[in-house]
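Student: Each chain is listed here by its residues.
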Amino acid sequence: MQIRFYATLRPLVGGRSVDLSDPPDTVSGILERLACEYEGLHDQLFDEDGTVRRFVAIMVDGRDIRHIDGLQSRVSPDSELDIFPPVAGGI
Amino acid sequence: MALGGFANRVARINLTDRSVSYEGINEDDARKYIGARGLGVKYLLDNGPETDPTSPDNMLALVNGPMTGTEVTMSGRLAFVTKSPLTGTVTDSHMGGWSAARLRWAGFDALLITGKADSPVYLEVEDGAVEIKDASDIWGKGIHDTVAHFGSDSGNKTDVSVMSIGQAGENGVLFASFLNEDDRAAGRGGTGAVAGMKNLKCVVVRGTRDGRWRPEQGEARQKFREAQGAHLKLIMESPVTAPSSVNDDGTLKDGSGALSAFGTNVLMNAVNSIGGLGTKNSQLTQTTPEAADAVSGETMRNEYLTAEPTCHACPVACKKEVEITEGPHAGLKMESFEYEPAWSLGANCGNDDPAVIAKVIDQCNDYGMDAIEIGNVISMYMEASERGYVDTPLDWGDGAGMVRVTEEMAMGSSSIGQTLGQGTAKAAAAWGHSEISMTVKGQAVPAYDPRGIKGEGLGYATSNRGACHLRGYTPASELLGIPVKTDPLDWDGKGPLLKIFQDLHAFSDSLDLCKFSAFAVGAPEYAALYENVVGLPMSEEDVMVAGERIYNLERHFNNLAGFDGSDDSLPERFLTEPASGPAEGHICELDQMKEQYYEARGWDDGVVGEAKLRELEIIS
Numbered sequence: 001m002q003i004r005f006y007a008t009l010r011p012l013v014g015g016r017s018v019d020l021s022d023p024p025d026t027v028s029g030i031l032e033r034l035a036c037e038y039e040g041l042h043d044q045l046f047d048e049d050g051t052v053r054r055f056v057a058i059m060v061d062g063r064d065i066r067h068i069d070g071l072q073s074r075v076s077p078d079s080e081l082d083i084f085p086p087v088a089g090g091i
Numbered sequence: 001m002a003l004g005g006f007a008n009r010v011a012r013i014n015l016t017d018r019s020v021s022y023e024g025i026n027e028d029d030a031r032k033y034i035g036a037r038g039l040g041v042k043y044l045l046d047n048g049p050e051t052d053p054t055s056p057d058n059m060l061a062l063v064n065g066p067m068t069g070t071e072v073t074m075s076g077r078l079a080f081v082t083k084s085p086l087t088g089t090v091t092d093s094h095m096g097g098w099s100a101a102r103l104r105w106a107g108f109d110a111l112l113i114t115g116k117a118d119s120p121v122y123l124e125v126e127d128g129a130v131e132i133k134d135a136s137d138i139w140g141k142g143i144h145d146t147v148a149h150f151g152s153d154s155g156n157k158t159d160v161s162v163m164s165i166g167q168a169g170e171n172g173v174l175f176a177s178f179l180n181e182d183d184r185a186a187g188r189g190g191t192g193a194v195a196g197m198k199n200l201k202c203v204v205v206r207g208t209r210d211g212r213w214r215p216e217q218g219e220a221r222q223k224f225r226e227a228q229g230a231h232l233k234l235i236m237e238s239p240v241t242a243p244s245s246v247n248d249d250g251t252l253k254d255g256s257g258a259l260s261a262f263g264t265n266v267l268m269n270a271v272n273s274i275g276g277l278g279t280k281n282s283q284l285t286q287t288t289p290e291a292a293d294a295v296s297g298e299t300m301r302n303e304y305l306t307a308e309p310t311c312h313a314c315p316v317a318c319k320k321e322v323e324i325t326e327g328p329h330a331g332l333k334m335e336s337f338e339y340e341p342a343w344s345l346g347a348n349c350g351n352d353d354p355a356v357i358a359k360v361i362d363q364c365n366d367y368g369m370d371a372i373e374i375g376n377v378i379s380m381y382m383e384a385s386e387r388g389y390v391d392t393p394l395d396w397g398d399g400a401g402m403v404r405v406t407e408e409m410a411m412g413s414s415s416i417g418q419t420l421g422q423g424t425a426k427a428a429a430a431w432g433h434s435e436i437s438m439t440v441k442g443q444a445v446p447a448y449d450p451r452g453i454k455g456e457g458l459g460y461a462t463s464n465r466g467a468c469h470l471r472g473y474t475p476a477s478e479l480l481g482i483p484v485k486t487d488p489l490d491w492d493g494k495g496p497l498l499k500i501f502q503d504l505h506a507f508s509d510s511l512d513l514c515k516f517s518a519f520a521v522g523a524p525e526y527a528a529l530y531e532n533v534v535g536l537p538m539s540e541e542d543v544m545v546a547g548e549r550i551y552n553l554e555r556h557f558n559n560l561a562g563f564d565g566s567d568d569s570l571p572e573r574f575l576t577e578p579a580s581g582p583a584e585g586h587i588c589e590l591d592q593m594k595e596q597y598y599e600a601r602g603w604d605d606g607v608v609g610e611a612k613l614r615e616l617e618i619i620s
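The listed protein sequences correspond, in order, to chains A and B.
Counting from 1, one number per residue, gives the positions in the first sequence under the working numbering.
Counting from 1, one number per residue, gives the positions in the second sequence under the working numbering.
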């Protein structure tokens, strides 16, 4: 499974994306794996109480997990994941 | 005049008889309409909503807000207000940079320009006086040369600002714009076209910080500092707007806000990921991740960045100066590689070459044209070509062709250029194919597809100045979660949500603070700043009422100019052709959202009734 990262998260994982073999079947499981592997990533994504930081956007096949089942959102091996830190702009 | 912040000086300039007169700010109007956008629309209403926008009678108003040029963070904005020759509506377009502050430091709240000079002129503004001067030696020049002519080509390092039109405004391009300091645009609505019709080339302003407003010593200054300090603290600490900084090795330090680090174009990948990025004239709603990333803020920072300039009183510094180092545009240094033109000239034109985007944006900044409209008019031309509607086709992604046709539009040097220079709507209509014009009230749509981000569909339709994302920025909620996260694919509730954004932005545009402040602060902070600058009581609720009053004032102007609910529409494509990508199958449910929106507004089919006008004290 390919997981794409953006903006300030890219330096933490050393590139635009990460390939995860034999991925877990929930977003929560995937993030746990990633947090173990990439130092600093956990603190960028989660608050101290373990909830996803406000304004961080995690997309599964283009749908923000806040509109699916949150961290328990299901993923399949051919799902596409995009993870964004707080991004805004627009002019 | 008892109101703080204001210079209490307005110049009325009649270019026909070359007269200048001066007056103070109308205090009652300033109380009700705040400044900048709100006050500007009131000046336009008093000038006559039925005025032909192409006639000398049309007014071009440059209006500051009470915050402009003060120490308040993000207070470097100026509103250009006029009746748009592109849309026929009232329009206001704001620029950042340093011109707004210098205009205030030179002693003015507003310049109200009417008439038409019998030969090219420019205005020189200094020490509370305006002079009308001969511009025959700069007429025909691009904006970059005009700015350099007056020695204002080094941004905040001089005391001179030049707000200028380019050849496009001189040649009647209806989406011509004003720019200052080379690259900061009042881009939308054709303010540059109005100036060109008046034979007005530019406004040159000389002013130093000595002219800025400051509170009285003592308690007033202490309270002002507290309000400004709270405002600044939220901006500095927001994960969105926090200023970025780099380590010795050039990497970003922890805590750098993405807007500051990557500029507005950090949105490119995010909007594309959810299927909200119009592609090939909005025939699709998503491009490939690779194509989006090739022109994204991340790529521009990592591969092309040369400098990060900023505007007056802004620590965010979202402006990114880039240099193209290879290919036919090698050596090009430019600013404002923003999200909107990166989309309009990128995915929307089937183009993933950042050098072409940089080149065409720079052309727009030199000829003086709206970079959102130009991407749309080119993409409409490309679709017309694909469908065999035109004899001289332009293929998707033809970068050299995009550069060529941009020049032809600005200079009016070809038949196709003259047609496209009238804007997307008129050009498509001239070919008998308005269905491929992605416009509302004659103005082209911005970079959020209404099928993938539905609140913006309603926002485009009900915007008082034609399609616009900045009247009510619902993506703050639909993408980011400010003030709460809403589903971009759900239409229910977007009417009341949009009203809140529209009213809040109408207020901040009238202060006039940068729109990006709203990512970190809101009505409580705006109210505290207003109270401590202007000196009048202002509650959070008052902020929203004043914003509502200004939005209704604009709508009232448009109603008097002949607009009603039938003009609050969207291109048929967004209503009937389903989206692609993650939003696959979705259309924009405009009618349902409009019903909720009109109910929240208290409007009858897009018209402000007399009772609402009285309630908001627009009429007595």
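One thing to keep in mind: the hints can contain errors.
To spell it out: a stretch of chain B is covered by chain A in this simulated footprint if at least three of its residues, at any positions, have a beta carbon under 8 Å from a beta carbon of chain A; those stretches are [said to hold, decoys possible]:
no.	region
1	535-547
2	567-577
Short, incomplete list of chain A residues facing chain B, as computed with Cβ under 10 Å [claimed, not checked]:
no.	residue
3	Ser17
4	Pro24
5	Thr26
6	Ala57
7	Phe84
8	Pro85
9	Ala88
10	Gly89
Note that these hints are calculated values from the structure, not bench results.
The C-beta atom is built at its ideal place from N, Cα and C for all residues, glycine as well.
Student: Taking 10 Å as the limit, does the beta-carbon of A/Phe84 come near enough to a beta-carbon in chain B?
Tutor: Where the cut-off is 10 Å and the nearest Cβ of chain B is about 5 Å from A/Phe84, the hint holds.
Student: Under 10 Å, Cβ to Cβ, is where A/Ala88 needs to be relative to chain B, so tell me if that hint holds or is violated.
Tutor: holds, 5 Å
Student: State whether the coverage of the region 567-577 of chain B by chain A holds or is violated, taking the criterion as 3 or more residues with Cβ-Cβ distances under 8 Å.
Tutor: violated (count 0)
Student: Using 10 Å as the Cβ threshold, decide whether A/Gly89 counts as touching chain B.
Tutor: holds, 3 Å
Student: Should the hint that A/Ser17 touches chain B count as held when the rule is a Cβ pair under 10 Å?
Tutor: Interface hint status for A/Ser17: holds (9 Å vs cutoff 10 Å).
Student: Going by Cβ atoms only, is A/Ala57 closer than 10 Å to chain B?
Tutor: holds, 7 Å
Student: Holds or violated: is the Cβ of A/Thr26 closer than 10 Å to a Cβ in chain B?
Tutor: violated, 19 Å
Student: Using 10 Å as the Cβ threshold, decide whether A/Pro24 counts as touching chain B.
Tutor: violated, 21 Å
Student: Tell me if chain A covers the region 535-547 of chain B under the three-residue, 8 Å CB rule, please?
Tutor: violated (count 0)
Student: Return the status of the interface hint for A/Pro85: holds when the least beta-carbon distance to chain B is below 10 Å, violated otherwise.
Tutor: Because about 6 Å separates A/Pro85 from the closest Cβ in chain B, which is inside the 10 Å limit, the hint holds.
Checked against the numbered hints listed earlier, the structure breaks hints 1, 2, 4 and 5; every other hint is satisfied.
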